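S.K.: Heads up: the sequence shown at position 31 corresponds to 31 in our numbering, and the numbers run straight through without jumps.
Keep in mind that a hint or two might mislead.
Stated by the list, open to error - The calculated EDC-like cross-link candidates involving lysine to aspartate or glutamate, where the alpha carbons are at most 16 Å apart (straight line), are:
(1) Lys17 <-> Asp74
(2) Lys104 <-> Asp78
(3) Lys44 <-> Asp74
(4) Lys11 <-> Glu97
(5) Lys11 <-> Glu22
(6) Lys11 <-> Glu91
(7) Lys17 <-> Glu91
(8) Lys11 <-> Asp74
(9) Lys17 <-> Glu97
(10) Lys27 <-> Glu48
It is worth saying that the hints were derived from the structure and are not from the lab. None of the values given here were measured: they were computed from a predicted structure.
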Amino acid sequence: MNYRLLGEKIKRLRRNKGLTQEALAEKTNLTPSYIGQIERGERKLSVETLVQIGNILGASFDYLLQSDPRAKYDSALDELAAAFRGRTQNEIKMIIEVGRTIFKHSK
Numbered sequence: 001m002n003y004r005l006l007g008e009k010i011k012r013l014r015r016n017k018g019l020t021q022e023a024l025a026e027k028t029n030l031t032p033s034y035i036g037q038i039e040r041g042e043r044k045l046s047v048e049t050l051v052q053i054g055n056i057l058g059a060s061f062d063y064l065l066q067s068d069p070r071a072k073y074d075s076a077l078d079e080l081a082a083a084f085r086g087r088t089q090n091e092i093k094m095i096i097e098v099g100r101t102i103f104k105h106s107k
């Protein structure tokens, strides 16, 4: 198991939920430093802890462990969702149009 990739996924999901490491630690009865170690891939975690974190973050056990090419796609979508958080509808439309323009001219 690649704990670094798992940790990165947990970190993305946590941020997308608007949670700090401290908030996730409180919900899981773990320490913030332990959460940080998990997110950096420095700490192995039990199945029980992984399921608990997944439940809090709204991610299935399978999703957390998947390492196929779709994970990169899902990761990109997670990053976009985080970038759009707190933006107005007009800002989001403008960002999408800029992206379309870039893609159109990069072919």
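S.K.: For the pair we were handed, Lys27 and Glu48, check the Cα-Cα distance against 16 Å.
M.R.: holds, 14 Å
S.K.: With a cut-off of 16 Å on the C-alpha distance, tell me whether Lys104 and Asp78 pass.
M.R.: violated, 23 Å
S.K.: Quickly compare the C-alpha distance for Lys11 and Asp74 to 16 Å and report which way the hint goes.
M.R.: This hinted pair holds, its Cα atoms lying about 13 Å apart.
S.K.: Straight-line Cα separation of Lys11 and Glu97 no greater than 16 Å?
M.R.: violated, 28 Å
S.K.: Lys17 and Glu97 were given as a pair; does the straight-line alpha-carbon distance stay at or below 16 Å?
M.R.: It is violated: about 26 Å lies between the C-alpha atoms, which goes past 16 Å.
S.K.: Holds or violated: Lys11 with Glu22, Cα cutoff 16 Å?
M.R.: holds, 12 Å
S.K.: Keeping to a limit of 16 Å between CA atoms, is the pair of Lys17 and Asp74 held or broken?
M.R.: holds, 15 Å
S.K.: Compare the distance between the alpha carbons of Lys44 and Asp74 with 16 Å, and conclude whether the hinted pair is satisfied.
M.R.: violated, 23 Å
S.K.: Take a quick look at whether Lys17 and Glu91 sit within 16 Å of each other, Cα to Cα.
M.R.: violated, 21 Å
S.K.: For a C-alpha distance cap of 16 Å, please report whether Lys11 and Glu91 respect it.
M.R.: Cα-Cα ~25 Å, so violated.
Going down the numbered hints, you'll see the structure goes against 2, 3, 4, 6, 7, 9, while the others check out.
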